[in-house]
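Take these sequences, add in the hints, and give me the full structure.
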Amino acid sequence: MAPKNYLGEFEQMLLLAILRKGKGAFAVEVRRELADRAGRTVTRGAFYTTLDRLHAKGYLTWTTRAVEDWRGGRPQRHFEVTAEGVDQLQRSHAALTNLWRGLSDFETRA
Amino acid sequence: MTRTPASPPPRADAFLTAALPVGLVGSTIIGDLHQEFAEIEGRRGVLIARAWYWLQTLELAARYTWRSLRGVETPYQRLLTPHSTLPRSEGREEIMTTLIGDLRYGARLLFKNPTLSLVSIFTMALGIGLTVFTFSMVYGTVMRGLPIPDDERLVSVHTDNPERNVRQTAPSYADLLDYRELSTAFEFLGGVNWATVNLASDEDAPERYQGASVTADVLANLGVPPLLGRVFVEGEDDLDSPPLMVLSHHVWRQRFESSPDIVGRSVRANGTQTEIIGVMPEGFRFPFDHDLWINMRLDPDALPRRSLLVSPVGRVKPGISFLAATAELRAITARAEATEPDEPGGYRPLVMLFEHNSMPPQITAIMWLMLAAVFGVLLIACANVANLLLARAALRSREVAVRTALGASRFRVVRQLLAETAILATVGGTIGLVAAKFSITAWAASIADIQKPYWIDIRLDLPSILFAVAVVACTAFFAGTIPALRATGRGMASVLQDEGRSGTSFRLGRLSSALVIGEVAISCALLIAAGLMIKSIVSVNAIELGFRSDDIVSGRVGLFATDYPERANREQFFADLVERLREAPGVRSAAMMTSLPGIDAATWPVGIEGESYETDGDYPFVTGAVIGTEFFSTFDVEMLRGREFNVSEMGAGADPVVVVNDSFKRKYFADGPAIGERIRIGRSGTENPYMQVVGVVPDLHVTGGVGGIGSDSLPPEQIYVSQGIFDVRFLMFAVRSELGVEETVRGMRAVVAELDPNLPVYDVRTVPQALDEHTWAFSLFGELFSVMGFAALFLAAVGLYGVMAFSVTSRQRELGVRMALGAGGNDVLSLILRKGAIQLGIGMAIGLGLGALMARPMRFVTYGVEASDPTVYAAIIVTLAATGLIATLVPARRAARVDPATALRNE
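Residue numbers (my numbering), protein chains in the order written: chain A, 3 to 112; chain B, -19 to 887.
Hints are computed from structural coordinates only; laboratory data are not their basis. Every residue, glycine too, gets a C-beta built ideally from N, C-alpha and C. Errors might be hidden in some of the hints.
As the list claims (entries may be wrong) - The calculated label-pair distances, taken between Cβ atoms and stated as ranges, are:
id	chain 1	residue 1	chain 2	residue 2	range
1	B	774	A	75	50 to 58 Å
2	B	801	A	45	55 to 63 Å
3	A	39	B	421	52 to 60 Å
4	B	445	A	89	58 to 66 Å
5	A	39	B	27	29 to 37 Å
6	B	34	A	75	42 to 50 Å
7	B	42	A	93	32 to 40 Å
8	A	95	B	-13	37 to 45 Å
9	A	75	B	92	39 to 47 Å
10	B	-13	A	45	19 to 27 Å
Below, the structure written as structure tokens:
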């Protein structure tokens, strides 16, 4: 049975950015990665609500750590993509790759 | 380099904490923000960082709020688990979360239906705003009361004498002394007289103040202690006590620059050296709008018993009724009269609430009527919102039935609907309150110059706000309960059965019609009130004055016995004044008088030579003024017969002469020319001389009373008495000049200053200004009633339209069937119109009756219009019928254009 829900474009980008930053990526870093690598700046609200949604779906988890003073004493969340999340990413990727296959004429632009 | 980093705005954090999810997640998001804030602050400075922080905050808050609104489960989900709700925050009271859930769901529904919500909110804002505005006005005028302890026992004493046709005058000083000595009903009973006080000192120009001459016990017993110094003490109202003065706060501030060592200083008051002994606290202007107080020093034996009048003010003892106090004073008066048979008797004192002195019961009645009227508007607004919600409730009857079927209690469903109206009323109420606040401020500014009792203070304060909250709660309740109960009142089976076919089964019919009829009735009544008011304003503006008022500037001067001891001094001064005024540059003519034509005329009893009058009550009353030479030519009044006064008729000892108006001539000298006849002021036993009529003038319009209220009761017969007959100390002068107002005023002041540099000129204004000041009450009440009337008309039209439009939509299938069976567009049109016309007709019939009832007490504030004025009623019927028909016609035409196939397919 074909999986019903593929990840949205931004969801994929978010998960990929977390994977790129390695274990324990935190939000500020992830946002910066998205901006640097994908040229994607989203509003803060969209960013956090998407994180919440991915968490609710079980594609990522987080742990908190107490950190330095310059966060006003507030804890920091460190994100990690779950196995399910990786699985979803791979499926989305595979679906896209399949669709791209044979369309090399259009593949020129990076 | 070390520096302390700036921290993000704490208010933004508080805002975020409220908007973001509770617990760790929210905290970490704020932490992220802090982290980035520190970086941005380091790179680009604290200002930019703060701005950035606020932007992020607002965006986040908006996003999370929106999500939480959208994230509410659907009613179906909720019904399956009736007591679980989102958000699933732990530890909250279950009932609280349910309530919040209700509110969120309500808000979401309102967002889904923006037109309906906006109309409802606007309606509520209009209704609540008008109500709060009017309440603040009524509260500030008649409810808040005097800022004096136990003001409900503070009284004044008036006296009537039916035999002599005297109403509500002050008793004599001798009476007051008797009362003070013999009465047991009062904690204290003092006397107050109004006194104009000219303050002069060596360095400053003289200024005129409204003073009160009081007995020593008045200020001491009112219960308001002085701010500085002291008030009068016992014995300081004796004849031989020195002149003393207590200042009001604002005179102390303005004239004496809040000087701390004011107490003990001496000033010249009306020419007498007077010592200042104290300053009253801010806002104390007893008894009306007074600037300062002087000690009353009267000699009770200097004048005949009835000649020296003093207004008593006192406080009755707790538990003593005004009636009992009145009875006691009457007994004392009767005993005194019995011992002095030579003095005129028959006086009947009356103890009344002090506040009623300056706030006649008629005005109070109008205030309450206005509050009632505005509640009418609010009722219409509620009915409108109820109707709109009813319409929606009809569409939602299936949802409600499903919810009930799945186990939701009726209470639960009603509460959900009430939550929606609560949101509407709160938003509408907030808008209304803000609008009311602005209107009240503007209103208070517009009446700031009108002379009114000092305790009248119209502002939006705590009672008004509490009132507003109560109004909002009641509005939500009434507007929500009817549709809510209605929507849940039906058996669910019937709804579910026929819901599949049509949306029409929910019978809005009778309830909705009743609401519309009620709306039409109330707005009809309010429009009648507004119509009478508007017609009254038109009548006031269309008054034929009978004299010319433009280019004329007037002022007033008053002479005091200290500076002008003899009558001859005063007459000389006035003669010099008018002569010099006439010689001043640009002046065409000038005249002296006790009151301007058209304003504040005196009312006198008169006797005509040769007539006999059985009792004192039979003497007729006339309005009149004391005037000098060239009065009529200054005001451009043509003599019908005879002539004006000449200079030889001024001053004591001159032949007494009088000019009468046309009404007077017609009434009393219908057969003759009137010239040469003789009349005198006063009743039997008067020592006033008979005056010879030397001229007849046309009727000049006169207003009187409070702001023109009560002018209708002034007798139309007028007399103008020559300046030589009475010894007057205060006179007005009017100058018609070729120069502009400012130059004329400067010229007038210069003339007076030349004659007496210590004499202030006051009440300086143009005659049209003076006339406006005396008709303000008509425009004041007129504007208010008009606003309410049109608000009501508008709301009723919206209501009618809403109901008709909904009824057409929900009857689409029926209409489609009718048309499929051969009914034409016109048949459908007349079907809908007939229904609207019937509702309109019934509503107007009830409204006309209500309006006629309201019109009766309004007589006091209308001018030149009968309570049953047929043109007003006809105009209202036409306006309301036209508005109602248009509101019906629009949806009716839509119905008539329905394509039957479409109508049936929609099912």
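Evaluation of the provided hints:
no.: 1; hint: B/774 <-> A/75: 50 to 58 Å; result: holds (57 Å)
no.: 2; hint: B/801 <-> A/45: 55 to 63 Å; result: holds (58 Å)
no.: 3; hint: A/39 <-> B/421: 52 to 60 Å; result: holds (57 Å)
no.: 4; hint: B/445 <-> A/89: 58 to 66 Å; result: holds (60 Å)
no.: 5; hint: A/39 <-> B/27: 29 to 37 Å; result: holds (31 Å)
no.: 6; hint: B/34 <-> A/75: 42 to 50 Å; result: violated (21 Å)
no.: 7; hint: B/42 <-> A/93: 32 to 40 Å; result: holds (33 Å)
no.: 8; hint: A/95 <-> B/-13: 37 to 45 Å; result: holds (43 Å)
no.: 9; hint: A/75 <-> B/92: 39 to 47 Å; result: holds (42 Å)
no.: 10; hint: B/-13 <-> A/45: 19 to 27 Å; result: holds (24 Å)
Of the numbered hints listed earlier, the single one contradicted by the structure is hint 6.
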